[in-house]
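Asker: Protein chains in written order, with the numbering used here: chain U, 81 to 417; chain B, 242 to 694.
Check each hint, because a few of them may be wrong.
Said to hold, decoys possible - In silico DSS-like links for lysine-lysine, alpha-carbon gap of 27 angstroms or less:
hint, chain 1, residue 1, chain 2, residue 2
1, B, K279, B, K646
2, U, K249, U, K128
3, U, K114, U, K314
4, B, K246, B, K279
5, B, K603, B, K260
6, B, K519, U, K104
7, U, K222, B, K574
8, U, K137, U, K166
9, U, K136, U, K166
10, U, K104, B, K574
11, B, K519, B, K574
12, B, K519, U, K222
13, B, K375, B, K360
14, B, K260, B, K493
15, B, K273, B, K246
16, B, K690, B, K273
17, B, K660, U, K222
18, U, K184, B, K574
Stated by the list, open to error - Computed footprint of chain U on chain B; a stretch qualifies when at least three of its residues, placed anywhere within it, have a C-beta under 8 angstroms from a C-beta of chain U:
hint, stretch
19, 442 to 448
20, 522 to 528
21, 572 to 586
FYI, nobody ran anything at the bench for these hints, they're computed from the structure. Note that CB positions come from ideal geometry on N, CA and C, so glycine has one too.
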Amino acid sequence: MSLSKTEEPLEMGTKLIQGALTRKHVLDLDDFSKDEILEVLESSRSMKEVLGRDIKKVPALRGKVVVTLFYEASTRTRISFEEAGKVLSADVINMSASGSSTEKGESLLNTGLTIQAMGVDTIVIRHPHSGAPHLLAQQLDKVSVINAGDGLHAHPTQALLDLYTVQDKLGSLEGKKVVIVGDILHSRVARSDIWGFAKMGAEVVLSGPSTLIPPDLSPSANGSARSHFASFVKVETDLDKAIEEADVVMALRLQHERQQAGFLPSLREYIRRWQVTASRLERAKPGNMVMHPGPMNEGIEISNDVAHGGNSVIEDQVANGVAVRMALLYKLTVGSG
Amino acid sequence: MENEKTLIRHVRMIDPAVKSDEVGDLLISEGKILGAGKLGLEEIPEGCLVIDGADLVACPGFIDLHCHLREPGFEYKETIAAGSKAGAKGGFTTLCAMPNTDPPIDNAAVVEFIHERTKQNATVRVLPIGCVTKGRKGHELAEMEELASAGVVAFSDDGDPVYDANLMRLALLYSLDLGLPISNHCQDRSISCNGVMAEGPVATHLGLDGIPAAAEEAMIARDIALAEATGGRLHVAHLSTTGSVPLIREAKSRGLRVTAEVCPHHLTITDQWALGRKGQPAEAAGYMAYDTSTKVYPPLRSQSDVDTLIDALADGVIDCVATDHAPHDLTSKQVTYEDAAFGISVLETALGSLLELVHTNKLGMGPLIDRLTVGPARILGGSYSDLASLQPGTAADVVLFDPEKEWTVDTSEFESKGKNTPLEGTNLRGRAMATFANGRIVYQNPDLKTSMN
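Bound conformation, chain B alone (with noise of 0.2 angstroms):
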């Protein structure tokens, strides 16, 4: 609490709920943007912390719809104290917890645990996601609505899809006057099998069961079907094929309540990578192949899987970047890559990553940004649009970061329990300097200069 007012000078400022970009002064003070603009100096509070932003982005803080926080349950992969922290040193402020847990999120005293843990260990905004059935188990609706009151901002039995579809048809229904949103983990197990990585050429090279494509596609498809015959809030996660991208675009043009999501793994790397070599093509497998840091679900896909969904994302028929933040123990990676746990670590390479994606104009900044910020908040709904801002008055969640500072992975430096991620030791550019969660500064880069009015 101690430095309650912030100055950001002459910095790029991008607020994506306006489609603004230009350079000015950014004021924060008790938790709420004050002022952003060109601030005469007689604006500028006594006592202030000034930031130079010569050179720097800020955005409001990222919003992660998609992560896996672990606790309760699994704390030797992850607690929320861990995961906020690393959330925050990756330039999120809020992070929205998949249930997954154990006890699973579904009912409201695993929601209150978590807010009680949110509130003393964890320094950004924790939002759990509710189960849509008893235990995760797709027999039985949970108690929606109770989980609702309790504070769920959507319903996910993330990694066990809803299997049944009738359930699936139901639980759209029963929603519908809570308004919020359903995530589905499409993945059709009848089809997928005991797939590890992506069907294809490197899966047949390495002796892997591979996951078609239409293990995805198939339950967004039928997903689709059941949103149109309910009228109900579908929300696809982690979209990962090229084929799932027209059903998407198709569901939304017909004015279907369909939102979808990407992972920043899915727009950057392929399943190249399962080869141990950092995605550099070689014909012949080696020993370092069978990287396990690779093996999530969905699997990495191909390079033309990559190009489809970074132009989805891109025209918008993709809505947001979430994370899916999986973070393992070692143990669980130290095996056989079929025995290997499924999950990336996530949230501290998220923004290096994608602004490769702007690096190489693929992407502009200010649509990035509105994926990582608009995007989520706009399926989040209600008053959480006023995270995705910069207007004054609105939440001080805020995000400064270098664009162009190369950094090399190194999963020691991570804040995360999880270390499991394919870009150990690769050089990343761009990286948060510092991160402010109701103006409190939660995050700040030891090159990042500031000094006291």
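The shape of chain U in the complex, shown without the other chains (with noise of 0.2 angstroms):
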């Protein structure tokens, strides 16, 4: 990376650079380590406080393009991406499938060649399909591919601010108890939280309906039935038990479709079973956080109350994913050279 003698250097550049683990994608956290992860953590705490400053800009990605590629409608990690982005001086790119190529049935493939052709630096993708942004790493050699939620497989960005939320209020997250109530089957971002949490040693234990976890990860599953996951994390459906004691509880968003697919008899059971209460809080350790990766449903899998209460993280979360994501594009920026 260069910076133009001209420009304010960046003040929290030089430790990154020099301590960086080089990666080309952000695909899953199942291929970071716990030291790469503490370092994008402490990354996003300098980009934080870029963030808190009256004028929000450097120049680090001065002269890079970022190109956010949506498939599936966002609010949150879209604005999110577009505003790191932007923070750090990328020009960024926005495009939906819709009012695209796409609607004439250009393949993603064949999309993504067009956008590399075009010079840009990182692709960050949102795709309805698990395995999207690997279909993109796989085939383009010049660019970056960020995932930015994958089908039912990965949302390593979210996992990344919700680590980096909890040790912010918590400092370490070694030991911690961390509860994920809800649609784990189909949850990208249970997926990569797991995959976290477990990494950093945390303790997760998952609750929902058993419709809705996966077989594998049940603990009457055995041998080769036994996802790796099995072994980090814990499955107790009763959330009474679950959230004993629990440091972090963070409620999925449960979609409606479930129900009509029949993973549940009605919403009305799932909210008297799973919804996460002021009442369900009270087993929870004192001082324990709430966080949802949104948007919620509020009134089904959280309260309203609990959702807007004083334990809950929710803003934060959003407020953090800008830093993490701007810590994520500057890292791959540094790491491609």
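Put the complex together from the two separate chains, hints included.
Answerer: This is the structure we're talking about:
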């Protein structure tokens, strides 16, 4: 990375540049080491400082082009990446599937090749299919790919901002009990969070209807039928038990279609058994944190008073998301030289 | 036709029809096996192509009960010409072509078209399989007698199982007097839903919708009940799960007319391969994950499923190996895993990957050859047993292979139009050196040395 001498240098730059673990893509947290996660969290802290300035602008990525390629609706992830890129002075171009050549039947691969041909440095992709970012990472040799959510698979930047938020409030993550509640089966956030929290030494407990927990995570699975996730998570379908002494409780969005598809008898019964409520939180540790990756269905997976109550860090998550994404955009640029 | 007479000398001849395994000379003439054993010099005709068979195995050409030649309708994926060349290169001399063509093989005209194309373009025998239902739609039975008279060797709505249990029952009944089996692709789609790979740890890791083993087992159980109720001939296509094996074993022990096949990939590779590391275990998926060439139906499953299937093939519960050769164009696979077409191009790697089972002592050479020849021939029935023998007077469908020859899978060398294989770049041990169909040499490996007598 070269900074023009006339520009104000990036204050937090040097230490990061020297210590950065290089990587080209961010596809999931499964290939991050604990050290690399710590590096990103520390860098995010510096970025948070930039975001607190009166003039939120540093020239770190000046002359770099970032495309956000979104095949699914998004508010926070999309805006967050755009803001992150712009604060770092990258040129950010937003593209969504609707209104693009995708509507004319252009394949993901050809769209990716087209974007690469325009000299773009980084593609931030969200796609309803698991592995869509991998397809780009395999086929495009000149761009970095950041996964902004792919199908049911992963949402690594969400997980990193979750880790940042918990670390920010509780200090270390080591030994902390993190309960993730809801539709684990269809949740890319849960998958990435499991990797992230487990790598940081937290205890991860999953709770939700058995129909929405992958069968290979269940305690009854064994041998090759047992996921390696299963070695570092516990499943407790009874939320009242799962939540005991929890440091962090994260509610996942419950999509209404799940009920129609037969995973649940009714939303009413889901609410009764798995809604994160104030009375349930009494069983958690004092000073617990309530999280939600958004967008929320208030009154379904989380009660209104909890969502906006004193233990909720849901808005902090959003704020921290910008810093974490700045750190990643910066890191990839440093890494790719 | 230039090589009407061929002599393979000092070759290990394995004849599964009589369970013999001995070194000798094999003489092929005018489309028939003329002699097998120790031939005296005076028995060797003049003008004969002579092959030194030392360290090679000669056996009947392989019979594939299940492959997709894509013609008519999908010639951009495969043709009868290319598919038959691929078969010959893989040691196959008989290919049973599945009817999921466009139009499907649900009337005599399409059967005749395939016969015609085979006559013009194919280097090996192609036997069409007819639809169970009109248009493979699962509503009304196809004209099965017309199809049988035109020469189909079995019925199947492959890819689309016959969902309606009563229609399946009627198909088993109706086909009774035609003497042909119904091959069903057993997949209960109300269970498999949108699944794209085996349910299990890898699917969970990759966030791909899993296909529970029960999707296969539930329909096999149903079909076995229907076979019992009707006395019909049920052939279960591409068995893939541990739980399917006892269903077949038990049905056979009760004397039902039930047979089963298994594919080379379900005997050799696992769902781990979807991680894009050729089966190497990995905690992190990495950017090579979602290898769409591993997307196949039934899906690749766990090592314990693989082990169970090998045992079931060895002990004869599973009658035969069938490739389910499913060639696709590149575009159908250069998409997300979810969007990718199901299927692997298998014909040219089958022998090499199956021999791994022999090299690792999981399956004997004799049984392997039996499952590629006598096993499928018995299911075809009638005079097809002639194809699975080296006895003098039988058809000279013969493969000569080197069980030790090491090679690297390079799809750019494939005869098949389908380059879709997860084995690309892997090393295999064992390869066909020459394939004879009706006495004609239809494939010859460049390393094979021949001379004229």
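Asker: Which numbered hints are broken by the structure, listed smallest first?
Answerer: none
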